[in-house]
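Participant: Now for the letters of each chain:
2 protein chains.
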Amino acid sequence: MISKKILTMMDSSSFIRKMFETGAKLKKEFGKENVYDFSLGNPAMDPPENFTQILIEKSKDHHMHGYMPNAGYLDVREKVSEYISSNQKTKVTLEDVVMTSGAGGALNTVLKTIINSGDNIIAPIPCFMEYKFYCDNHGGELKLVTGKPDFNLDIEAIGKAINSKTAAVIINSPNNPSGRIYPEETIQNLALTLKRKSQEIGRTIYLISDEPYKKIVYDNIVVPSVMDAYKNSIVCTSYSKDLSIPGERIGWLTVNPGAEDYANLINGIILCNRILGYVNAPALMQRTIAELQGISVDVSLYRKKRDYLAEKLASFGYKFRLPEGTFYFFVEAPGGDDMKIVDLLKEERILVVPGRGFALPGYFRIAYCVEDSVIEGAMTGFEKTAKKLGLLQE
Amino acid sequence: MISKKILTMMDSSSFIRKMFETGAKLKKEFGKENVYDFSLGNPAMDPPENFTQILIEKSKDHHMHGYMPNAGYLDVREKVSEYISSNQKTKVTLEDVVMTSGAGGALNTVLKTIINSGDNIIAPIPCFMEYKFYCDNHGGELKLVTGKPDFNLDIEAIGKAINSKTAAVIINSPNNPSGRIYPEETIQNLALTLKRKSQEIGRTIYLISDEPYKKIVYDNIVVPSVMDAYKNSIVCTSYSKDLSIPGERIGWLTVNPGAEDYANLINGIILCNRILGYVNAPALMQRTIAELQGISVDVSLYRKKRDYLAEKLASFGYKFRLPEGTFYFFVEAPGGDDMKIVDLLKEERILVVPGRGFALPGYFRIAYCVEDSVIEGAMTGFEKTAKKLGLLQE
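Heads up: the protein sequence lines correspond to chains Z and C, in order. In this text, residue positions in the first sequence follow the working numbering: the first is 1, and each later residue adds one. In this text, residue positions in the second sequence follow the working numbering: the first is 1, and each later residue adds one.
These are calculated hints, taken from the structure and not from any lab test. Do not take every clue at face value.
Footprint (simulated), chain Z over chain C, 3 or more residues, beta carbon under 8 Å [unchecked claim]:
1. 1 to 7
2. 32 to 43
3. 56 to 63
4. 93 to 105
5. 123 to 136
6. 260 to 267
We put the CB at the ideal spot given by N, CA and C, even for glycine.
One chain only, chain Z, in its complex shape:
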């Protein structure tokens, strides 16, 4: 009775649902505190202290909850554009910024604006697999391209994958699930390839940069500016991760003012933000985040979690590349079987996501945005599993 496509999607996404069901069952059986849930990127950390203060202040103002221009409050976009200009090495104004319902809202809005039915959108492996749905929503197809063994982009492979139906390339750096930050040189090479390929196929290939983890970086690494490297770029992001407010659905997108077909692009995006039913980004949250430009939760706390986990996991014999950003470890599945390690860890009441959830089955993802007690509590289980798999001597 419902759409045939949605029926199929429900079937194919049932392994993730099964995972959650198993998790819920485990929590019911053993108590929530005895299940070590690393499956979701849902920060346990509270937002920065002044977040609540500003929120309360703003909520007392009159006419705080009404409609505003679909692109968002002008003064909020002004503040966001100043912040963007300060760290993207590209001057943007409020006209180039659209406030959105999180990065998910931003990406859907952009994709609807640029996709002609049958187009493809290229994304590197591993990646956040909701992209597949987001492209399909608007008649496009996500085309996955294998990355380098160190999770860097394979620019040559991306170039080869581009054809006359390619509308855009999506990148996500720092990357979910690998924690990889693509280096400056890689971004420059990607830009060169996109310029060359755009000319070759006679069509603008947009670069969509999904940057919700940009502020969650370690070792003073700076995420290279996509806007500076490539003029046909659109940056999408949210405050979900850096302010620990993923349930509030607040983010923005910005169109490079140097983009070809700029006026149609930005006006199309504003139209699509409305007609997709988002209408506008939540009002009070817009007002609140306007005062928090450049602010984030205390990243040193994530750093401690990362370092603790890195030491422990390595000592148990697990193999991984140290994440440069995000709050994810993407660990090799011993023997290459991601479902097997996920199942073994489940026996220890540890929940992780198999790599196939990110188009790379040889790995599993640990989301370490959880309480220290969860991380510490899970170590025995990780160790026991390592022994079972022969990574560690009994």
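Starting from the known structure of chain Z, fit chain C onto it as the hints suggest.
Facilitator: Then chain C, alone, in the frame of chain Z:
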């Protein structure tokens, strides 16, 4: 460079954009206080007093802003389901309720779930024309059916419009723009027709009831329960109008527990709410509205505005049906030319929306959710225009 379809949409929706541009220009030229803007359903009234109090209280709690199940917090859905059960004459549980990003989010989620490419969705004229985009977003086509002269549904015409490609009928009562509430008997007849036609075409025709104005009703009229009348029904709504918080994007949908294919329908809807990029309804707003079930702004204030306008407009010779709900008057365009009256009123610095914006060109819409001073200030202009048009003797 952008999608051809979006380019066309921008062209065709340019008359509305032009209207807003003219409005902005007028406000700049004459001062905001000298322009009488009745164009938007954006309530000037503040939310009920305890709204802000509850919002502030809730914002102090820990873990208030994280992800929750995509369908919304269980305890919020519990409270909403109790409220629905109390006024839809149908017992629903939290399992039947999905919290959404406003009614726009709810409608898109439902439409994506049920539409197979090429399907049609029937809506009566006049109606909120965003429906057209919402259907098109998911490969469906909005099929408009003429209503009765008193803005009631023409059940026979709806029956005739249904064919094998019909996935659903959308109704909106109290109706934007007409303020009409479809009577109990009409809803019963619609249900009978949908049952008969579903059998005839061998496919479930869903009834989608868009009810954001349900609490903004006058003269103790009760909006008939759609769920009680027809089991294959889905109710969508938001708190935008009754709590005066349209910018916050908070609403819900509920699937009739007696609907055919119930499990696929509700699970498909929860999936679509996620993959459309809404992910979930804004967290803090969920917590807040949970405590405000059955509460609304003071409708007697709208009632006063309605009665004042009704008396004045009638005395100037304008013809209209008294709205039973909503905060809209849908007034006959003298001579049938909606663009002419819109232009004449603009000369008096009065902004209204032509009926063609609701698929009924012989009318114009006045949104009276504005300050009394705006209504009073516009009366001279309405009178002068009436004289120009010969409705009133000089």
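Participant: Okay, which hints does this one fail, numbers in order?
Facilitator: Of the numbered hints given earlier, the structure breaks none, since each of them holds.
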